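Participant: These protein sequences, in sequence, are chains V and A. Note that the UniProt record's numbering has the first sequence beginning at 1, numbered continuously upward. Note that the UniProt record's numbering has the second sequence beginning at 1, numbered continuously upward.
Check the hints yourself; a few may be wrong.
Derived DSS-like pairs: lysine-lysine, alpha-carbon spacing no greater than 25 Å straight-line [stated by the list, open to error]: (1) A:Lys248 / V:Lys246; (2) A:Lys349 / A:Lys204; (3) A:Lys204 / V:Lys246; (4) V:Lys213 / V:Lys246; (5) V:Lys213 / V:Lys257; (6) V:Lys246 / V:Lys257; (7) A:Lys248 / V:Lys257.
Just so you know, these hints were derived from the structure itself, not from any lab. For clarity, every value in this text was computed on a predicted model and none was experimentally measured.
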Amino acid sequence: MTTSSSSRPPAAGDDAPAVPRADCTADSAGGVTFDVAVAAAPDAALVLRRGGRAGDEVRLPLTPVSPGRLRAVLPSTVDLPEGRWEAHVYGGGTDLTVRPGIRDLRALVSRTPDPRTDAVAVRIPYATADGSLAVRSWRRAPHAEAGDILFDDASMTVEGRLYGAGLGPGAAVEARLRGDRDRVHREPVTGAEHAFSFTLPYAPLAAGRDGAKQAWDLWLTAADGTPAIRVARLLDDIADKQPVFKYPVLPVGDDGKTVAFPYYTLDNDLTVQIGTP
Amino acid sequence: MHISFLLHNAYAVGGTIRTTFNLAQTLAEEHDVEITSVFRHRDEPAMTPPQGVPLGHLVDLRSQSPGYDGNRPEHARPARVFPTGDGRHPQYSRLTDQRIGAHLQGLKADVVVGTRPGLNVHIARQARPGTVRVGQEHLTLDGHRYRLRRELRYRYALLDAVTTVTEADARSYREKFGLPGVRIEAMANIVPPARLAPADGEGKVVVAAGRFAPGKRYDLLIRAFAQVVAAHPDWKLRIYGSGETAPKLRALIDELRLHNHVFLMGVADPLEAEWPKGSIAAVTSDLEAFGMTIVEAMRCGVPVVSTDCPHGPREIIRDGVDGRLVPMGDADAVARALLDLVEDDGLRKRMGRAAFENSARFDPVRIAERHAALYADLVARGTNDRTRSTLRDNLHRVPGVLIDEAFTLRRKVLSTLRKGRTA
Numbered sequence: 001m002t003t004s005s006s007s008r009p010p011a012a013g014d015d016a017p018a019v020p021r022a023d024c025t026a027d028s029a030g031g032v033t034f035d036v037a038v039a040a041a042p043d044a045a046l047v048l049r050r051g052g053r054a055g056d057e058v059r060l061p062l063t064p065v066s067p068g069r070l071r072a073v074l075p076s077t078v079d080l081p082e083g084r085w086e087a088h089v090y091g092g093g094t095d096l097t098v099r100p101g102i103r104d105l106r107a108l109v110s111r112t113p114d115p116r117t118d119a120v121a122v123r124i125p126y127a128t129a130d131g132s133l134a135v136r137s138w139r140r141a142p143h144a145e146a147g148d149i150l151f152d153d154a155s156m157t158v159e160g161r162l163y164g165a166g167l168g169p170g171a172a173v174e175a176r177l178r179g180d181r182d183r184v185h186r187e188p189v190t191g192a193e194h195a196f197s198f199t200l201p202y203a204p205l206a207a208g209r210d211g212a213k214q215a216w217d218l219w220l221t222a223a224d225g226t227p228a229i230r231v232a233r234l235l236d237d238i239a240d241k242q243p244v245f246k247y248p249v250l251p252v253g254d255d256g257k258t259v260a261f262p263y264y265t266l267d268n269d270l271t272v273q274i275g276t277p
Numbered sequence: 001m002h003i004s005f006l007l008h009n010a011y012a013v014g015g016t017i018r019t020t021f022n023l024a025q026t027l028a029e030e031h032d033v034e035i036t037s038v039f040r041h042r043d044e045p046a047m048t049p050p051q052g053v054p055l056g057h058l059v060d061l062r063s064q065s066p067g068y069d070g071n072r073p074e075h076a077r078p079a080r081v082f083p084t085g086d087g088r089h090p091q092y093s094r095l096t097d098q099r100i101g102a103h104l105q106g107l108k109a110d111v112v113v114g115t116r117p118g119l120n121v122h123i124a125r126q127a128r129p130g131t132v133r134v135g136q137e138h139l140t141l142d143g144h145r146y147r148l149r150r151e152l153r154y155r156y157a158l159l160d161a162v163t164t165v166t167e168a169d170a171r172s173y174r175e176k177f178g179l180p181g182v183r184i185e186a187m188a189n190i191v192p193p194a195r196l197a198p199a200d201g202e203g204k205v206v207v208a209a210g211r212f213a214p215g216k217r218y219d220l221l222i223r224a225f226a227q228v229v230a231a232h233p234d235w236k237l238r239i240y241g242s243g244e245t246a247p248k249l250r251a252l253i254d255e256l257r258l259h260n261h262v263f264l265m266g267v268a269d270p271l272e273a274e275w276p277k278g279s280i281a282a283v284t285s286d287l288e289a290f291g292m293t294i295v296e297a298m299r300c301g302v303p304v305v306s307t308d309c310p311h312g313p314r315e316i317i318r319d320g321v322d323g324r325l326v327p328m329g330d331a332d333a334v335a336r337a338l339l340d341l342v343e344d345d346g347l348r349k350r351m352g353r354a355a356f357e358n359s360a361r362f363d364p365v366r367i368a369e370r371h372a373a374l375y376a377d378l379v380a381r382g383t384n385d386r387t388r389s390t391l392r393d394n395l396h397r398v399p400g401v402l403i404d405e406a407f408t409l410r411r412k413v414l415s416t417l418r419k420g421r422t423a
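Here chain V stands alone, though its shape is the one from the complex (with noise of 0.2 Å):
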């Protein structure tokens, strides 16, 4: 097809689809402002949807900032339980899914909530893959939050924080084998009240494996007699830590068979992984 300038195509833009465009500012408490560019309707509000799954939903009302411009708030005191839910913008009888415009997650790039808080709220606007504007939710009460993590020849080392509890007698890490509930290795936690560090041998998970990969989930037991927490990286702007935070791979034993690294899984926990090289 050729056009010309004596027949001129539509200017692009005109025949868009009429999907709304939300900008996203979150604060260093938890809480997120949507601004979306959408005509004003008495009822308008954003939805958040979790999973597709009926009923799970948070309506928070779109209300005028400007001409052409509706705000919503998500405060950090409005509970939004852990998972991904995909923003909609509801208002007149329609019912659209959002574009993600710019996304200003400053304030949780070194986000160091009070140790002493109940709970930590971690809600991160992202881009999902099909281009749409979702949060990622964490509610972790308490929660141990990993930091830098320091490599040996045959172990790695865990710094991290505590919310929600403190250290006391007794605290442990323990790896737990994937898909056998009966293997479990433990070792001690060191530390003062909310910082932790623990340091894993790779050498006793390995040991026994018969070839198949491995993935051992860490779990922190602040003192003994209290639940187990699952080690986490939650608190910065990254919904997915995975591709980003990547660890060193190192050999296990001399026989050049096993290696062992740590990884941050899906939902952002961490888990040490034994396998082949």
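Fit chain A to the known structure of chain V by using the hints.
Facilitator: Just chain A, lined up with the frame of chain V:
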């Protein structure tokens, strides 16, 4: 004025497309502007196109489209008008020769603007008489291969103006091409103001962004940052982008045990939101034709530590005022400049504010006005020439046309000779 831009592919992602969209959008406020894309490979442009600017295409490469051109026999034959020295030549064909030629012949614009060497050659050879012909160069003359330089030197004599993105490159064209009667002007790329509030200078993050190509020297940046981490372990480096050197950079991070401090972030869209998360930006390239990311960071109030590589950085950064320029390929120098800013909060914030203020000169309106003034001058000159005498025009044009024909003939002869040899 009626201004028509000719782009390689307006539906893809790239710096030339973005800067053309920005320019077209701004010029459209006062002029009649359109964009023609040689190729179209998808339904919607990947980047937001300018509103109210008609966007057309010449060759449809969408395999599901009724107007699909990809299987036409002419599209399998190598292009003759589009120069072989332009790296995009394999994508061009006898079909593009015809389609672009017909488009230019039918175009009733006052000004036609090409956006890469091959398209500038098309305009030089095929635009209607009386249309002002402008060739934009987004790369650099020194970066073009010998074969392309040799051809451009003849072809560009038939343009009314060549615009480069730096003064340094404009000088190269003036000194090495010496094109009589052709205006050669540097026009910096447009960088719109940031939509977010500028950085506050507090974030302990250094940000870099670009293609992971060898010439970007992110290996140098990572080595330099190792020195920063040694003294200030609370600082992090985030590198945005993707590309061929990613595995090597990953291996270097592992080797230097920087996995807690240096992060390969992947591609961010829009990138704009990432700059204010940091308080320093870094560019360690061996070559920057312009240095778009430098200006983008500055527009977010982030001072840039950059190598003083050709051509763009020294025309953007005022060393010690709104950023730092350091010698090329010197990791220690990069580290020292980063440490100066890491260790002095006041200096970092002052430079950030200066970067924010000084980068306002890349505003769409200011840059578009310079393009518009050049076009208006050329349109006026053309009219004067036509009413007064066609002699001056002919003096410029005739040798060019003769050379043009001689050049084409020579290539035909060579091509026949080659065919004869293989037969």
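Participant: If a hint holds in the structure, say so; if it doesn't, say that too.
Facilitator: Going down the list of hints, with the structure as the test:
1. A:Lys248 / V:Lys246: It holds: about 14 Å lies between the C-alpha atoms, which stays within 25 Å.
2. A:Lys349 / A:Lys204: 12 Å, holds
3. A:Lys204 / V:Lys246: 20 Å, holds
4. V:Lys213 / V:Lys246: Given that 25 Å is the threshold and the Cα spacing comes to 18 Å, the pair holds.
5. V:Lys213 / V:Lys257: 12 Å, holds
6. V:Lys246 / V:Lys257: The hint holds at about 21 Å.
7. A:Lys248 / V:Lys257: 24 Å, holds
Checked against the numbered hints given earlier, the structure satisfies every one of them.
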